[in-house]
Amino acid sequence: MVTMIFNSDKMKFILQRVLMNILLLCAANSYAITAQQAFSLSVGETDQRIAVLQLVIKEPDDKTIQFLQALSDDSVKIAETRVFIIKGNRGVDPVTGESVSVPASAQDVVSNNRMRGELDAALSALRLFSSDPQQRMAAVKALQKDPDPSKFEVLQKAFKLEQNSTIREQIEIATASILLSSDQVSLRLEAAKKLDSNHSPDTQLLLNQRLDVEADPQVKASIQDSIKTIVSSLIWGERIGALFTGVSLSSILLLVALGLAITYGLMGVINMAHGELMMVGAYATYVIQVLFRHYFETYFDYYLIVAVPVSFIASALVGAILERSVLRFLYGRPLETLLATWGISLMLMQLVRTLFGAQNVTVENPSWMSGGIQALPNLTLPWNRMVIIGFAAFVLISMALLISRTRLGLFVRGVTQNRSMAACMGVNTARIDTYAFALGSGIAGLAGCALSQIGNVGPDLGQGYIVDAFMVVVLGGVGQLAGTVYAALGLGVINKILEGLTGAVLAKIAVLIFIVIFIQKRPQGLFAIKGRSAEA
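If you read the sequence shown in my numbering, its first letter stands for residue 29, the second for the next number, and so on.
Do not rely on the hints blindly, as some may be mistaken.
[Unchecked claim] Calculated pairs, DSSO-like style, for lysine-lysine (alpha carbon to alpha carbon, straight line, at most 30 Å):
#, residue 1, residue 2
1, K115, K86
2, K185, K169
3, K169, K222
4, K91, K248
5, K86, K188
6, K173, K185
7, K169, K221
8, K221, K105
9, K221, K86
10, K221, K185
11, K188, K222
12, K105, K86
13, K91, K105
14, K221, K256
15, K549, K536
16, K86, K173
17, K115, K222
18, K115, K105
19, K248, K222
20, K91, K188
21, K173, K188
22, K248, K169
23, K221, K248
24, K173, K221
25, K188, K115
26, K185, K91
27, K221, K91
28, K222, K185
29, K115, K91
30, K86, K222
31, K256, K173
32, K256, K222
No wet-lab data here; the hints were simulated from the structure.
Since the structure is predicted, the reported quantities are computational estimates derived from the model, not experimental observations.
Kindly generate the complete structure, drawing on both the sequences and the hints.
Have a look at this one:
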């Protein structure tokens with residue numbers, strides 16, 4: 029007598045395998061999702077679940093996509109052999125789409141990282157059949173970056189159904205990306221030639237990876253030719269990208285230096301706390317963001333419109349207090365002014381650490397400043413950078429008009445050129461000093477507001493820009509707004525070009541050496557003050 033003892037777990041596993049084989053045989057003739065397929069996608073070994081997944085995506089319908097999305101979102105429960113999609117407080121049958129009651133004993137479906145990755149890839153492929161052309165294009169691009177042979181049939185079907193010629197072309201490229209790893213030499217050769225027309229960094233990377241393992245000399249030569257063509261087309265994107273980055277840096281330097289153009293260029297005050305005034309503007313933006321997040325969530329996208337004037341006013345008030353309490357007693361004493369403002373900068377940083385903590389805080393972009401324009405395959409122009417460039421131009425024009433066309437600007441220019449004569453003409457020079465310093469400080473606050481949109485805000489925010497700002501003012505010519513603009517643009521673009529050639533550290537050193545040599549040859553900067561000073 030022979031006794032056979034079956035372990036219950038082994039029996040369960042064997043039954044699942046039998047059920048899986050039956051399911052696969054049935055699915056070969058019918059791809060519409062069934063209750064058995066939904067069950068097999070939810071339980072069992074990962075390999076078995078993936079095998080069913082590859083079958084159901086070949087002929088997808090709306091319910092299949094909805095169920096896979098629910099699996100990806102962890103919104104599926106199972107009770108015995110029944111599967112439920114959870115939507116709010118109700119259950120939905122994945123096959124019929126009807127509302128059903130969910131038993132209290134239902135358990136959550138758990139997917140490991142591998143299964144989640146397969147679900148995401150499947151959903152990406154299924155978006156090829158979306159009614160939205162942008163979603164279809166995004167799905168094709170994703171498959172180009174990560175070619176998966178299991179998606180070949182899906183791509184073929186999508187190509188037959190697609191009416192948009194541009195998307196059809198991209199589907200052909202995605203198909204070629206898959207065929208580049210084919211066992212047939214002729215298909216690999218055809219794929220390498222086809223990828224020649226897709227001038228993107230992802231295609232270049234894919235071809236380089238294939239080149240390392242390719243054995244056929246003809247295919248290898250074709251891949252090398254395609255890589256050369258792609259590299260030659262991408263170089264213009266890199267050049268334009270470097271130029272745009274340089275202009276973006278220039279706009280930031282301009283915003284930072286415009287305040288110094290008044291406080292240092294027009295008033296002769298060496299303000300080492302200028303960077304901390306920028307920090308005040310950045311933290312004012314952060315506070316406005318927090319207030320909108322808590323009290324005006326619906327209007328969060330408009331918080332920056334409020335933050336701009338608030339950051340200007342906050343920094344201008346701090347600057348006015350600084351001028352009235354300390355600097356008014358130190359005019360004409362540059363060394364004492366430098367030391368006093370340096371001490372004030374340390375105090376402001378410590379105050380911010382006490383109020384907000386030593387860690388950086390994050391300021392979010394409004395939705396209309398997120399994303400960018402895909403100008404070229406390897407060139408994206410971010411909206412936040414473009415907005416800052418436009419904002420810097422607006423601030424520059426506004427300040428130029430203020431200095432040249434308003435009564436305050438006239439008084440500032442008069443006090444700068446000849447303080448004694450301006451006082452004899454009835455100008456309150458002490459008040460004008462306060463107004464001018466507050467104006468320069470407020471512009472520093474605007475610079476901080478702009479900087480908050482491209483990076484984190486912290487107590488040390490201003491330290492990274494104060495030296496560059498002084499270099500811009502000195503290089504452009506003390507008291508010359510036009511010189512400040514040209515110097516900021518030149519330094520920003522040259523710095524970014526040199527970074528691409530020599531690295532960030534050597535680029536900074538090269539720029540500094542250039543400025544030292546330039547100032548030795550032309551101490552007055554790019555633009556010298558015309559005429560003579562009555563106080564000379």
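Quick rundown of the hints versus the structure:
no., hint, verdict
1, K115 <-> K86, "26 Å, holds"
2, K185 <-> K169, "17 Å, holds"
3, K169 <-> K222, "16 Å, holds"
4, K91 <-> K248, "44 Å, violated"
5, K86 <-> K188, "14 Å, holds"
6, K173 <-> K185, "19 Å, holds"
7, K169 <-> K221, "19 Å, holds"
8, K221 <-> K105, "48 Å, violated"
9, K221 <-> K86, "28 Å, holds"
10, K221 <-> K185, "23 Å, holds"
11, K188 <-> K222, "19 Å, holds"
12, K105 <-> K86, "25 Å, holds"
13, K91 <-> K105, "16 Å, holds"
14, K221 <-> K256, "12 Å, holds"
15, K549 <-> K536, "20 Å, holds"
16, K86 <-> K173, "20 Å, holds"
17, K115 <-> K222, "45 Å, violated"
18, K115 <-> K105, "11 Å, holds"
19, K248 <-> K222, "14 Å, holds"
20, K91 <-> K188, "22 Å, holds"
21, K173 <-> K188, "22 Å, holds"
22, K248 <-> K169, "25 Å, holds"
23, K221 <-> K248, "11 Å, holds"
24, K173 <-> K221, "18 Å, holds"
25, K188 <-> K115, "34 Å, violated"
26, K185 <-> K91, "19 Å, holds"
27, K221 <-> K91, "39 Å, violated"
28, K222 <-> K185, "19 Å, holds"
29, K115 <-> K91, "14 Å, holds"
30, K86 <-> K222, "25 Å, holds"
31, K256 <-> K173, "19 Å, holds"
32, K256 <-> K222, "14 Å, holds"
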